[in-house]
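Asks: Sequence:
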Amino acid sequence: MFAAAALLLALAIGPFCCFRLYARRVEAMDEPVSERLHRLNRAQQVGGFVLPFAAILAFAGLGLLERTVDLLGVVAVGPSVFGLGVLEFVVIVGVPFGVVAVPLLSMALGTYPTVRRLRDTSASSIRVVKGVLAGLAVTAVGVAVAIGGFVAVTSVFGSSLPVLLGCLGAVVFFTFGLSPYLIAFFHDRVPLEGERRERVERLCADLGYEPRGLYLLEGESTKTANALVAGTVPGLRYVFLTDYLLESCDDDELRAILAHEFGHVAGRHLWQRGLLTVVVFGGFVAVAETVGLDALETQFGFAGFLVPFMVGYAVYHVVLLGGLAYWQELRADAYAARVAGEDATVAALEVLADANDMRHTAGLLYSLATHHPPVADRIEAVRRVDAAGGDEDRSTASQ
65 MFAAAALLLA
75 LAIGPFCCFR
85 LYARRVEAMD
95 EPVSERLHRL
105 NRAQQVGGFV
115 LPFAAILAFA
125 GLGLLERTVD
135 LLGVVAVGPS
145 VFGLGVLEFV
155 VIVGVPFGVV
165 AVPLLSMALG
175 TYPTVRRLRD
185 TSASSIRVVK
195 GVLAGLAVTA
205 VGVAVAIGGF
215 VAVTSVFGSS
225 LPVLLGCLGA
235 VVFFTFGLSP
245 YLIAFFHDRV
255 PLEGERRERV
265 ERLCADLGYE
275 PRGLYLLEGE
285 STKTANALVA
295 GTVPGLRYVF
305 LTDYLLESCD
315 DDELRAILAH
325 EFGHVAGRHL
335 WQRGLLTVVV
345 FGGFVAVAET
355 VGLDALETQF
365 GFAGFLVPFM
375 VGYAVYHVVL
385 LGGLAYWQEL
395 RADAYAARVA
405 GEDATVAALE
415 VLADANDMRH
425 TAGLLYSLAT
435 HHPPVADRIE
445 AVRRVDAAGG
455 DEDRSTASQ
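Take 65 as the starting number for the sequence shown in the working numbering and just add one per residue.
The hints are simulated quantities; they were obtained by calculation from the structure and are not laboratory data. Every residue gets a Cβ at the ideal spot worked out from N, C-alpha and C, and that includes glycine. One should not assume that every hint holds.
[Said to hold, decoys possible] Heads up, simulated SDA-like pairs for lysine to any residue below, C-alpha to C-alpha not over 20 Å straight-line: (1) K287 x L182; (2) K287 x I190; (3) K287 x A165; (4) K194 x G277; (5) K194 x A291; (6) K194 x V254; (7) K194 x G206; (8) K287 x E99; (9) K194 x R448; (10) K287 x R181; (11) K287 x G206; (12) K287 x D307; (13) K194 x P177; (14) K194 x G212; (15) K194 x V150; (16) K287 x L310; (17) K194 x E99; (18) K287 x V192.
[What the hints assert, rightly or not] Here are the simulated distance ranges between beta carbons: (19) F221 x Q336: 25 to 35 Å; (20) Q336 x D314: 47 to 57 Å; (21) A350 x G299: 28 to 38 Å; (22) K194 x A92: 27 to 37 Å; (23) A92 x T354: 21 to 31 Å; (24) D94 x F66: 43 to 53 Å; (25) S188 x E95: 20 to 30 Å.
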């Protein structure tokens, strides 16, 4: 396993050194803090996309997954479900994510000392590590559910194109509906209590929502002002807020931020993303079944599959999903402006921009990659919206 050890060492040291050197260079620049943070965020966006694919490509190219499975001796040992060994399944899903975690953690730890100084935060590197691992855990569970679903369905109904497409649709919508709850589950949280709970309950009631639970996410040490509503399942809607957000906003601003999150639920935005994903990857499956990618995989090995998939995923994530998310953010802002007031929504966006150091006006490509329009564009869009216009109205708030 010398090759595996060498690969992991390279993935741990290489990204850390490169991003640490770049972060120091950015820190020394004579530019506003928001501009320097934007440079680091932009580099991390590129690294967050390239590094995982490079790690998996190298790992698979060296045949390390098969060697790991053979070494652990789990292929024919232990219980099996639908013909797939449970331990083998855990290795197949867990080991690649473990490999991917190494360069992502390396990148995060390489840039965080500069981010901490620029933003004057107090969070330790351990918290950064926990945040990266939480994000990977959410993705890993989604992938495990998807693979498990495909194995279960195809083992019972076969692997014809209609079955594959139907299974894809079911798996995508299940994982998309599950994702907000997974995000909340894997992040540190405590029940919101006392006066702060009463405050948020009152503001939610003003907007016509009665969440099943209210939770506090730690954000003070990282200076993160953020809110999340897990609400894909009626009757199982939860609100999560960072303590830094509660401290940064007055009631009108916080009401507008909550209204924005409820706007995503009312507009069924997560389901729209799921539908887009089904269409895109359903098309990929149909093309692969019809045209076939065997020739590329035969000639180039695993890279013959991964590289076309990576290019297609980049187009999907940035252009298609990014474009849809961009529009959805503007629609959620418009919803907030209608139910919480235009002035309050603009003020809330200003507070978020200041609290999260997001004053930099990013370009279109960066906005699509991050799935969020620049704050200045969002404010301008809110001011253009007629208070009586839009596709979603107050009646959708109880759906």
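Asks: A separate judgement is required for each hint: does it hold in the structure or not?
Replies: Comparing the hints with the structure gives:
| no. | hint | in the structure |
| --- | --- | --- |
| 1 | K287 x L182 | holds (12 Å) |
| 2 | K287 x I190 | holds (16 Å) |
| 3 | K287 x A165 | violated (24 Å) |
| 4 | K194 x G277 | violated (24 Å) |
| 5 | K194 x A291 | holds (19 Å) |
| 6 | K194 x V254 | holds (16 Å) |
| 7 | K194 x G206 | holds (18 Å) |
| 8 | K287 x E99 | holds (17 Å) |
| 9 | K194 x R448 | violated (40 Å) |
| 10 | K287 x R181 | holds (12 Å) |
| 11 | K287 x G206 | violated (29 Å) |
| 12 | K287 x D307 | holds (9 Å) |
| 13 | K194 x P177 | holds (16 Å) |
| 14 | K194 x G212 | violated (26 Å) |
| 15 | K194 x V150 | violated (27 Å) |
| 16 | K287 x L310 | holds (11 Å) |
| 17 | K194 x E99 | violated (26 Å) |
| 18 | K287 x V192 | holds (13 Å) |
| 19 | F221 x Q336: 25 to 35 Å | holds (28 Å) |
| 20 | Q336 x D314: 47 to 57 Å | violated (32 Å) |
| 21 | A350 x G299: 28 to 38 Å | holds (36 Å) |
| 22 | K194 x A92: 27 to 37 Å | holds (29 Å) |
| 23 | A92 x T354: 21 to 31 Å | violated (54 Å) |
| 24 | D94 x F66: 43 to 53 Å | holds (46 Å) |
| 25 | S188 x E95: 20 to 30 Å | holds (27 Å) |
The structure fails hints 3, 4, 9, 11, 14, 15, 17, 20 and 23 (numbered hints given earlier, in ascending order).
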